[in-house]
Amino acid sequence: MIANPYSGADWNAVVPLSIVAVAALVVLFADLVTPKGLAKRWVPVAISAIGLAGAAFTCGEGWGHSYAAFGGGFMVGGFATVFQEIVIVAALLSVAIYAHVGEDENFSGGLALLLWSTSGAMLMAGAGSLMTIFLGLELLSLALYCLCGLSPRATAGEAALKYLILSSAASGFMLYGMALFFGATGSVALAALAGQAVESNALFLCGTALFLIGIAFKLSLVPFHVWVPDVFQGAPLPVTAFMSVVTKAATLAVFARFAYAAVTGPHAQAILAPVYVIAGISMIVGNLGALAQTDMKRLLAYSGIAQVGYIVAALAGSTALGLRYAIFYLAAYTFMNIGAFLVVALLSTSKEEGSALAAYRGLGRTRPVLAAAMVLFLLALAGLPPTAGFVGKILILSANFDAGYAWLAGLLIAGTAISLYVYFKIVGLMYGRHERPHPTEVRPVAPLAWAGLVACVLFTFVWTFDPLGPSNVLPLVK
Amino acid sequence: MPFAHHVMGVEGAYPLLYAVWLLPFAGAVACWAFGPQLRRLAGPLASAVIGAAFAGTLLMWGFATQSVGGALGAHVSLGAWTRGFDFGLLMDPLALIWCIIITGVGFLIHVYSIGYMDGDRAYARFFAYMNFFVFAMLTLVLSDNVVGLLVGWGLVGLASYLLIGFWFERPSAVAAARKAFVINVVGDVGMMFAIFAIYAHVGSIGYGDIFANVPALGGALFLICVGLFIGAAAKSAQVPLHTWLPDAMEGPTPVSALIHAATMVTAGVYLVARFWPLFSSSPDAQELVATIGGITALLGAILGTAQWDIKRILAYSTMSQIGYMIMGVGVGAYEGGVSHFFTHAFFKAQLFLGSGLIIHALHNEQDIRRMGGLRARMPFAFWAMTLGVLAICGIPGFSAFFSKDAIIYGALRHGHPWLFWTGIVTAGITAYYMFRMLFVTFLGEYRGDVDPSDLGIRHPELAGTPLPAAPSHGESAEEPHAPAWIMEAPVAILMVPSVFAGWLLFGERSPWHAFFAQQFRPEATVATGIPELAASAIVLVMVLAGIGIAYYRYASKPALENATGRLQQESVHMPAALSAAFYFDTALDILFVKPAQGLGTVFGRWVDPKVIDGAVREIVLSCRWLGHLFRSFETGLVRAYALIVVFGAACFLAYYAFARGL
Chain A
10 MIANPYSGAD
20 WNAVVPLSIV
30 AVAALVVLFA
40 DLVTPKGLAK
50 RWVPVAISAI
60 GLAGAAFTCG
70 EGWGHSYAAF
80 GGGFMVGGFA
90 TVFQEIVIVA
100 ALLSVAIYAH
110 VGEDENFSGG
120 LALLLWSTSG
130 AMLMAGAGSL
140 MTIFLGLELL
150 SLALYCLCGL
160 SPRATAGEAA
170 LKYLILSSAA
180 SGFMLYGMAL
190 FFGATGSVAL
200 AALAGQAVES
210 NALFLCGTAL
220 FLIGIAFKLS
230 LVPFHVWVPD
240 VFQGAPLPVT
250 AFMSVVTKAA
260 TLAVFARFAY
270 AAVTGPHAQA
280 ILAPVYVIAG
290 ISMIVGNLGA
300 LAQTDMKRLL
310 AYSGIAQVGY
320 IVAALAGSTA
330 LGLRYAIFYL
340 AAYTFMNIGA
350 FLVVALLSTS
360 KEEGSALAAY
370 RGLGRTRPVL
380 AAAMVLFLLA
390 LAGLPPTAGF
400 VGKILILSAN
410 FDAGYAWLAG
420 LLIAGTAISL
430 YVYFKIVGLM
440 YGRHERPHPT
450 EVRPVAPLAW
460 AGLVACVLFT
470 FVWTFDPLGP
480 SNVLPLVK
Chain B
34 MPFAHHVMGV
44 EGAYPLLYAV
54 WLLPFAGAVA
64 CWAFGPQLRR
74 LAGPLASAVI
84 GAAFAGTLLM
94 WGFATQSVGG
104 ALGAHVSLGA
114 WTRGFDFGLL
124 MDPLALIWCI
134 IITGVGFLIH
144 VYSIGYMDGD
154 RAYARFFAYM
164 NFFVFAMLTL
174 VLSDNVVGLL
184 VGWGLVGLAS
194 YLLIGFWFER
204 PSAVAAARKA
214 FVINVVGDVG
224 MMFAIFAIYA
234 HVGSIGYGDI
244 FANVPALGGA
254 LFLICVGLFI
264 GAAAKSAQVP
274 LHTWLPDAME
284 GPTPVSALIH
294 AATMVTAGVY
304 LVARFWPLFS
314 SSPDAQELVA
324 TIGGITALLG
334 AILGTAQWDI
344 KRILAYSTMS
354 QIGYMIMGVG
364 VGAYEGGVSH
374 FFTHAFFKAQ
384 LFLGSGLIIH
394 ALHNEQDIRR
404 MGGLRARMPF
414 AFWAMTLGVL
424 AICGIPGFSA
434 FFSKDAIIYG
444 ALRHGHPWLF
454 WTGIVTAGIT
464 AYYMFRMLFV
474 TFLGEYRGDV
484 DPSDLGIRHP
494 ELAGTPLPAA
504 PSHGESAEEP
514 HAPAWIMEAP
524 VAILMVPSVF
534 AGWLLFGERS
544 PWHAFFAQQF
554 RPEATVATGI
564 PELAASAIVL
574 VMVLAGIGIA
584 YYRYASKPAL
594 ENATGRLQQE
604 SVHMPAALSA
614 AFYFDTALDI
624 LFVKPAQGLG
634 TVFGRWVDPK
644 VIDGAVREIV
654 LSCRWLGHLF
664 RSFETGLVRA
674 YALIVVFGAA
684 CFLAYYAFAR
694 GL
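Quick mapping for you: the protein sequence lines, in order, are chains A and B. When the letters of the first sequence are read in order and numbered with the numbering used here, they come out as residues 10 to 487. When the letters of the second sequence are read in order and numbered with the numbering used here, they come out as residues 34 to 695.
Hints were generated in silico from the structure; no laboratory data involved. A portion of the hints provided could be inaccurate.
Per the computed footprint, the stretches of chain B lying under chain A, defined by three or more beta-carbons under 8 Å from a beta-carbon of chain A, are [unchecked claim]: (1) 119-128; (2) 668-676.
Some chain A residues judged to face chain B by a derived CB distance under 10 Å, without partners named [to be verified]: (3) Ile59; (4) Leu214; (5) Pro283.
Since the model is a prediction, treat every value here as computed from it, not as a measurement. No residue lacks a Cβ here, since even glycine has one placed at the ideal position from N, Cα and C.
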C-alpha cells in the first residue's frame with residue numbers, strides 16, 4: 010500500500026472547484042432524464058446556478074485561511090479566494106446570459122463545458138506550481154475551444170478554429186518556458202523561482218520570455234491580441250462574455266503570482282518591464298481599434314484589450330497597493346463589462362444577436378431602461394463618475410505614480426481620452442435626436458438576465474463608494 | 034500637522050437633527066418627482082414638511098443649548114473622508130436661532146404660498162424649489178465645517194436662482210436670476226479662496242479645529258476674513274455687490290419674503306457671527322466689515338426713498354437693515370447683529386406678505402402710485418403693514434426698537450462713533466421712506482383708474498390694472514381658489530413676534546443675553562459719553578422727524594387733496610442719481626460686464642473655433658486614421674495573425690537576450 014501523502018485539508022482545498030466540475034456532470038445527467046419542454050432549459054440552468062453558488066460559498070470559507078495544499082501546488086485563501094470568487098461571479102452572470110440566448114441544440118452540453126471551463130479558471134487562480142497552472146489553463150482553454158464552435162453559425166466554427174490554432178501555439182510557448190524553468194531550478198514550484206532572477210541565469214531568462222509570451226497571449230495584450238476580435242465576434246454571446254472576464258481574471262492571477270512571488274531581487278522590474286510596455290501599448294491600440302468598429306461584440310473585444318492593459322499596469326512596480334487596486338478594477342470590470350454584454354443579450358432577437366451597432370439607434374426612446382443601464386456601463390468603462398470604473402482608474406493612476414511608472418499613467422490617460430470617443434459614440438447613437446428608432450422585436454421577459462443586469466448596475470454604482478469606506482482592505486498575496 | 038481634534042458640540046446620536054435637516058429635502062424630491070400626481074396637495078405637503086422640521090427644531094432646543102465641558106450644542110458625525118475632512122452637523126444656539134427662523138417663518142410663508150400660488154401652472158415645481166431652498170439653507174447653518182458651509186452656500190444660491198427665475202417666460206425674471214447668480218458666484222469664489230487658505234494653514238475643515246488654531250493662520254488672517262466677507266457681502270447684498278437684490282423682486286412675493294428678506298440674505302450675518310473668533314482677532318477686518326455695513330445701511334435707506342415699486346422699497350429696506358446687522362457683527366456687537374436678524378425676519382416677512390396681499394388683490398400691480406386709498410378696501414392688509422412699519426422704524430416697544438438700538442449703541446460702545454451717527458441718520462431715513470410707502474399706498478383716493486402718465490409713470494403700457502374686484506363668488510366659481518384666510522393667517526401670526534420679539538432683549542438680564550453668553554466672548558468696550566437711554570432718545574427723535582416729514586409730504590390734508598399732481602411732480606423731478614441707484618449698475622457694467630463680454634467674443638470667435646477646435650479636429654482625424662491602420666492588420670487570416678504573434682515573440686526574446694547585461 011502506498012500511503013496517501015495528502016491530508017484532508019488538501020482535499021478540502023479543491024472542494025469548490027470540484028463542486029463546479031461535478032455540477033457539470035449533473036447537468037449532463039439531468040439533461041438525459043428531464044422531459045422535453047421548458048424544463049429542458051431551466052433544470053440545467055438551475056443546477057449550474059446552485060453548483061456555482063455552492064462553490065462560491067465553500068470558496069468563501071477559505072477566505073481567512075492561508076494554506077498551501079498538495080505540497081504548494083494549490084493555494085487556499087486570500088488572493089486565491091478573491092480571484093476564484095470573481096471567476097464564479099462572472100460564470101454566474103454568463104450563465105444568466107446563456108439561459109437567455111443559448112441555442113436549444115446542445116443547450117446542456119454548452120452549460121457543462123462552461124462549468125468545466127470555470128473550474129479550470131478556479132484552478133489557475135489558486136495554482137502555486139507550474140503544473141497546476143498548465144492543468145488549469147488547458148482545462149479552461151479546451152472547454153472554450155468547444156464552446157466557441159457551439160453554434161450553427163458559420164462564423165462560430167471559424168472562431169473556434171482560429172482560437173484553437175493560435176491558443177495552442179501560445180500554450181506551446183508557455184510550456185516551453187515552464188520546461189526551462191524546471192531546468193533552471195529542478196522544481197515545478199513557483200516559489201522555487203524566487204531569487205533566480207540574476208543576469209547569468211540564461212535558462213531562467215529564456216523561460217521567462219516564453220512564459221510571459223503565453224501569459225500575454227491569454228491576456229490578449231498587443232501584439233498577441235490579434236485573435237481576440239475575430240474570436241469574440243464569432244463565438245456565441247454568452248461565451249464571449251465569459252471569455253472577456255474569466256480568461257483574463259485567471260491569467261491575471263497567474264501573472265500576479267508570478268510577478269510578486271517568483272520574480273524577486275534587484276532586477277525584478279527590468280525582467281517584467283516588457284509586459285508593462287505592451288500593457289501600455291494595449292491601452293492605446295485597443296481603444297484606437299475600437300474606434301472603427303461597427304459591431305458591439307468586436308468593439309467590446311477591443312475595449313477589453315485596453316481594459317486589461319489598465320489592470321496589468323496597476324501591477325507595475327509590484328507594490329502591495331497596486332495588486333489591491335488591480336483586483337478592485339478587475340472586480341469592477343467584471344460587472345461593467347458583463348453588464349454591457351447583458352444588455353446586448355437582452356437586445357438579441359431569435360434571429361440575430363443584438364450586437365450590430367445599428368441596433369442601438371434610438372434605443373433611449375424604444376428601450377429606456379436598457380439604454381440607461383448601457384450608459385452606466387459605458388460610463389464605467391470610460392472611467393467616469395459616479396461609477397466604480399472611475400474610482401478604479403484613479404486608484405491605478407495613483408499606484409502608477411507611487412511606483413514610479415508615470416509614463417504608464419500618461420498612456421492610461423491618453424487611452425482613456427480616446428476611449429471616451431468610442432463609448433460616447435454609442436451613447437450618441439442611443440440618444441441622438443436625429444436618429445430614427447430601430448424597430449426591435451421584444452422578447453419574452455428573461456428574469457435571470459434582468460436580475461443579472463440589476464446586479465451589475467448596482468455593483469457598478471455601489472462599488473464607487475467602497476474604497477472610501479474605512480476597511481478597504483483586500484487580503485494580499487504573500 | 035498633528036493637533037487634537039476639536040468638536041464644537043456635544044457628540045451624540047440626535048435622530049431629530051437628521052430629521053430637521055433631511056425632511057425638507059425629502060419634501061423637495063417628493064414635490065419634484067410626484068408633482069403631477071400631487072397636484073394641489075403639493076402645497077400642503079411641502080408646508081407640512083417644513084412645519085415638521087420646525088417642530089423638530091423646537092424639540093432640539095434642549096440639546097442645542099446644552100453645554101458639557103466647554104462643548105456647546107449638539108453634534109453628529111457624518112463620517113470622515115480623509116484626515117482633516119470630517120463632516121458633521123452642529124446645532125448650537127447660533128444655528129438654532131437660524132433654524133427657528135428658517136423653518137418657523139419658512140413654514141408660515143409656505144402656508145401663505147398655498148394661497149398666493151394657487152392656480153399657477155407650475156404649482157408643484159414652486160413648492161419643490163421652496164423645500165429645496167429650506168434644505169440648502171439648513172445645510173448652510175447646520176454644517177460643522179467649511180466645506181459643508183460652502184456646499185450649502187452654493188445650493189442656496191442655486192435655489193435662489195431657480196426661484197427668482199421661477200416665471201421664466203418673463204425676460205426680466207431670467208435676467209434678474211442670472212444677475213443674482215453671477216454676483217453670488219463672485220462671493221462664492223471669494224469664500225472658496227478663504228477656505229483654501231484656511232485648510233492650508235490649519236489642515237482641517239472643522240470649525241472646532243479652525244477656531245482652536247486661529248494663531249496658526251498668522252498673516253493670512255486678514256485676507257481670509259476678507260475672502261469670507263466677499264462671500265458674505267455678495268449673499269447679503271452689501272455695497273458694492275448689492276445690485277442683484279432689488280432685481281430679485283422679479284420672483285413671486287413669497288420668495289421675496291422667505292429668501293430675499295428673512296433668511297438667505299442674512300447668511301452673511303450668520304457667516305460673520307459664526308467666524309467671530311477670526312474676525313475678533315483681526316481688527317482691520319472688523320473695521321472693514323463694520324464700515325461696509327454702515328455704508329450699506331445708509332445707501333439702502335437713501336435709495337429706498339426714491340422707489341415707487343412696493344417690493345423694491347422693501348428690497349432696499351432689506352438691504353439697509355442687513356447693513357445694520359453686518360455693522361453690528363462687524364463692530365463686535367454679535368448679539369445685537371444676531372438679534373436684529375431675529376426680529377427683522379418676522380417684521381420683514383410680515384411686510385412682504387402684507388404687500389403680497391395687496392399685489393395679489395390688485396392683480397400684480399406693484400406701483401404704489403397706482404394704489405392709494407386701500408385702507409378701506411383692505412383693512413387687514415393695512416393693519417398688517419402698519420404694524421410692520423412701526424416695527425421696522427423702531428418705535429419703542431416694537432421689536433426693532435430693541436435690536437436696532439443694540440446695534441447703534443453697540444457701535445458707540447465698541448469705539449466707532451461715526452458708525453453710531455450713521456446708524457442714527459439711517460434710522461430717521463428709514464422711518465421716512467417706510468411711512469411714505471404706507472401713506473401713499475393706503476391713504477387718500479384710489480388711483481388705479483387714473484391715467485398712468487398723470488402719475489408720472491413712464492411706461493404706461495405696463496399699467497392697465499382694473500379695480501380690485503369686490504369679493505363676488507359668481508366670478509371665481511369656474512376655478513376654485515384657495516380661501517383668503519390661508520394667506521391672512523400667516524400674516525396674523527407673524528404680527529405677534531414682529532411686535533413682541535424685541536422684549537426678549539430688554540434689560541441687562543434678558544434671556545437673550547443668557548442664551549448667547551456661551552456663544553460669543555464679550556468684546557472690549559470703550560467708555561462712552563452718551564448713556565444708552567440718551568442714545569435711544571436721539572434715535573427716537575430722528576425717527577419721529579422722519580415720520581413727520583413723510584406725514585407732511587404724503588398724508589397732510591393738502592398733500593392728500595392733490596395726491597396725483599404731487600406724485601407726478603415727484604416722479605418727474607426725481608434726481609437722476611437716485612433713480613439710477615447711484616450708477617452702481619452702470620459702473621459694474623463698464624468695469625466687469627463689458628470687458629467680460631469682449632473677452633468672450635475673442636474666445637468665441639477666434640480662440641475656440643480656430644485653436645482649440647482645430648487641434649481637436651486634427652487629433653480626431655489622426656485617431657481615426659490610426660484606427661483604420663490597426664484595423665487593416667485584421668485580415669481574418671490565421672497565417673497573418675500567427676506572423677504577428679511570432680513577431681511579438683521575437684521582440685520578447687530579443688529583449689531578454691540583450692537583457693543579459695541587466
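Do the hints match the structure? See the list:
no.: 1; hint: 119-128; in the structure: violated (count 0)
no.: 2; hint: 668-676; in the structure: holds (count 5)
no.: 3; hint: Ile59; in the structure: violated (39 Å)
no.: 4; hint: Leu214; in the structure: holds (5 Å)
no.: 5; hint: Pro283; in the structure: holds (5 Å)
Of the hints listed earlier, those the structure fails to meet are numbers 1, 3, in rising order.
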